[in-house]
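**Q** The lines below spell out each chain.
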Amino acid sequence: MLNNLTTPHEYPGKLFVVEGIDGSGKTTQLALLAKWLSAAGHSVVLTEWNSSALVKAATKTGKKKNSLTPMTFSLLHATDFADRLLYNIVPPLKAGMIVLADRYAYTAFARDAARGVDRRWVRELYSFAVKPDLAVYFKVPIEVSTDRLMARRVKLKFYEAGLDMGWSSNAIESFRVFQGKVLEEYDRLVEEFGLSVVNAVGSITEQQRTFRKLVSQHLAIEETDEQLDEQLA
Amino acid sequence: MNSLTNNSPETDGLIRPGSYYGNGIPYLPIDGYPGKIIAIEGTDGVGRSTQIRLLREWLEVQGYGVIETGWTRSELMQPTIELAKASNTLNKLTFVLLYATDFADRLEKEIIPALKAGFIVLSDRYIFTAMARAGVRGVDRTWMRNLYGFAIAPHLVFYLKIDEKALIRRVLQTRGMDFWESGMDMKLGDDIYESFRAYQRSLLREYTSMADEFGFRVLDAKRKVEVIQDELRRQIGAFLADSDASAQPAGASVT
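Protein chains in written order, with our numbering: chain A, 21 to 253; chain B, 2 to 256.
Since the hints were derived computationally from the structure, they do not count as laboratory data.
Heads up, the beta-carbon is just placed ideally off N, CA and C, and yes, glycines get one too.
Careful: at least some of the hints might be erroneous.
[As the list claims (entries may be wrong)] Under 8 Å between C-beta atoms, here's a sample of chain A residues computed to sit facing chain B:
#, residue
1, Leu96
2, Ala98
3, Val110
4, Leu145
Let's have the full structure, built from the sequences with the hints guiding it.
**A** Next up, the structure:
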């Protein structure tokens, strides 16, 4: 049995992952972290969920025709992940670099289960994944994430809003229902996979400070609270 | 719930035909659907499609509704798989996952609706092709079986068995050896003939090792097309007669 996701990796590099629902601010936090790491002289590469060229065409076709089922949605994302793991994640880890992943296998565990896919099956599907050195979950209530997305005038997309599930024909309402289920799944994952939780309602700077502290435990960056405060001032 | 329908893939327990191998697709219960899945398995060039064409004709003449489904034929995935194969960027896991996505799409869009409506689904290859190819490439066997835990156990699986020598002649007489069917991605050597031989030999071993596990009905594919077809019809006919009989409510008879 493959159990990479529960066994620490032995590559010289580090893998840091951010998780959270849309509008949790995790992408902002990851970008700030990357700045800090680069400034400290680390070689950093970023990889994003569902970004490989391999499955782009199929995902696009499926989304355009709204023809993806929870199963094919899940499998396409796993294919994308396998492709990125091989080309974008493992080589930099072998080269001793820092890989920052905007969403990881936990996103699949949360979203696919929220869509009614078997939980155990998805976990076993991703059992080839490399265990991150640190996975940070930016936890935010649905109202806050929805407000943030609305403020940015983000147009909710069909699948992101969970409209494929038919819970509601209203995009915002559907989004709330779907994200509510995703949040419940994330709560399970925190315990199951030992995700570090950051309260994502606080100020951006405050969250970044917590995030950097968590990361520095895995790096040879010995920064005091005061130094972190200075940099973020 | 019937305990047989919920066997975990790790156990050797008998899976009831027409039920999921593993936990399945929770949002799609399929118990009691009247249709049947008949799968024809075998390596490239054993004559699967010819047999399926003849079977379809025979079944339809008898009044059975038939649909065909085949490997990588899903609307969703076909272009991507073609492209990925052409660009040669696939590794063993993405290879396996693209196929699984194609299968899932056809399962939900073609196979399950057909089973519900009482069709006979003639499947040109089934998940065993994926398992054989993955097995040869060293993909973890337990992982593969878990992956296909969402597949439905066919009612009948016929394995058209052929030996390496006969297979080579057939392939060369028809379309010739191609990159993937020769396992060139596995870098067994530059010689396509030697690579084809080694690859197909390993594939045949994988199929043989699955025969008991998945209850293959093994047919000698070196015989004439008509002889194989007669054998298929005899076995399918007997199976359909049995299930038609048990589908009739007690006491009711059709006159």
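**Q** The structure should be examined with respect to each hint, and the outcome stated for every one.
**A** Hint-by-hint comparison with the structure:
{"no.": "1", "hint": "Leu96", "result": "6 Å, holds"}
{"no.": "2", "hint": "Ala98", "result": "5 Å, holds"}
{"no.": "3", "hint": "Val110", "result": "11 Å, violated"}
{"no.": "4", "hint": "Leu145", "result": "6 Å, holds"}
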